[in-house]
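With the hints as constraints, model all of the structure from the sequences given.
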Amino acid sequence: MADQSNICTLESEKVTPEPKRFCKYTSDSESDQLQNNIVMEEVLSHHDDPQSDTDSVVQSNTSPSTSHTLLSQPPIIFTTTEGQSVNLSEVIKHTIASPDFVECIGPLIANVVKASVDSALSNYVSNLEAKIEKQEQTISDLMVKNSELKESNKQMNGRVDSIEIDLEELQQYGRRNSLRFHNVPLKKTELGSTDDKIVGLCKSLLDVDITVDDIDRSHIIGSINKYGNAQLICRFRNWKIKNSIFQKKRKLKNNPDKTVITEDLTQYRQYLMKKLNDARKRHEIDSFWTMDGRIFAKKTPEATKKFIGGMEDLSELFFSD
1 MADQSNICTL ESEKVTPEPK RFCKYTSDSE SDQLQNNIVM EEVLSHHDDP QSDTDSVVQS
61 NTSPSTSHTL LSQPPIIFTT TEGQSVNLSE VIKHTIASPD FVECIGPLIA NVVKASVDSA
121 LSNYVSNLEA KIEKQEQTIS DLMVKNSELK ESNKQMNGRV DSIEIDLEEL QQYGRRNSLR
181 FHNVPLKKTE LGSTDDKIVG LCKSLLDVDI TVDDIDRSHI IGSINKYGNA QLICRFRNWK
241 IKNSIFQKKR KLKNNPDKTV ITEDLTQYRQ YLMKKLNDAR KRHEIDSFWT MDGRIFAKKT
301 PEATKKFIGG MEDLSELFFS D
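Using full-length UniProt numbering, the letters of the sequence shown map in sequence onto residues 1 to 321.
The set of hints was computed from the structure by calculation and includes no laboratory data. From a predicted model like this one, the values you see are computed outputs, not experimental measurements.
Label pairs and their in silico Cβ distance ranges:
1. 185 with 217: 17 to 27 Å
2. 212 with 166: 28 to 38 Å
3. 160 with 212: 39 to 49 Å
4. 160 with 319: 19 to 29 Å
5. 120 with 152: 41 to 51 Å
6. 176 with 283: 30 to 40 Å
7. 312 with 209: 37 to 47 Å
8. 109 with 149: 55 to 65 Å
9. 125 with 152: 37 to 47 Å
10. 226 with 174: 27 to 37 Å
11. 151 with 223: 45 to 55 Å
12. 262 with 166: 20 to 30 Å
For each residue, glycine too, the CB sits at the ideal point set by N, CA and C.
This is the structure we're talking about:
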């Protein structure tokens with residue numbers, strides 16, 4: 001009866017709590033007293049509720065490991081101001097299970113987790129930005145170095161081109177005393193006397209009186225073709241002898257053997273001459289010729305002759321008006 005009267009007294013004196021009773025208090029002492037009363041009411045109501053006892057039994061049966069752990073520890077009991085004994089473990093359990101407790105503690109946990117995540121994310125972003133900045137600097141340095149290498153390579157290519165031009169000029173200069181005789185009738189027995197063959201050809205076809213002493217060296221290029229003709233190259237003792245013969249080349253026009261004379265050109269200049277010959281066959285130019293190893297061409301009979309020193313000059317000749 002005493003317990004029942006105490007419960008009735010608590011029920012009669014109970015004040016309806018605010019919705020968030022763990023969060024809104026103006027006095028620490030009043031807050032502690034009110035919280036103890038509320039917890040006691042919940043514990044006592046749970047103790048007198050037979051359904052709660054049934055739920056406890058069911059929970060104990062379904063969680064044997066938890067029940068065994070709780071029973072193995074001595075309970076902590078304290079007495080309220082009304083003389084009611086209360087199990088502290090039960091108070092804590094019901095407090096944690098309270099929706100109001102979760103509502104109050106949830107934002108606090110969320111703020112702590114958010115602060116921790118923000119800090120970790122900030123550190124990660126800072127490290128990533130530092131790495132990106134370092135890589136951008138590395139890329140910038142490489143781009144500068146690449147530009148320097150390109151400029152250096154351009155200068156080196158220019159020097160190589162200049163050297164190649166000088167070398168080609170030097171090679172042509174070494175050929176300035178030489179002439180090539182094409183479609184020269186030649187027998188195998190005459191292969192050892194090409195000097196005499198050239199002397200006879202110059203006298204009979206060009207009316208140029210020379211002797212074998214005017215020839216430094218001559219020989220066949222390739223072999224005798226099926227028509228009995230061959231190409232001979234001859235280096236004369238000096239440029240004057242060579243030039244006197246080359247100036248008479250027009251006298252070879254319409255000769256029965258179709259013998260012609262050309263200057264001894266470098267491989268590159270022979271390539272340019274072939275391009276010009278193909279263009280003349282397509283009627284893109286009027287004429288072309290060489291003089292002392294230099295190449296000239298005219299697009300039309302009335303046009304001014306143009307010096308051809310390379311492919312750039314050919315392009316200008318072909319695409320000029």
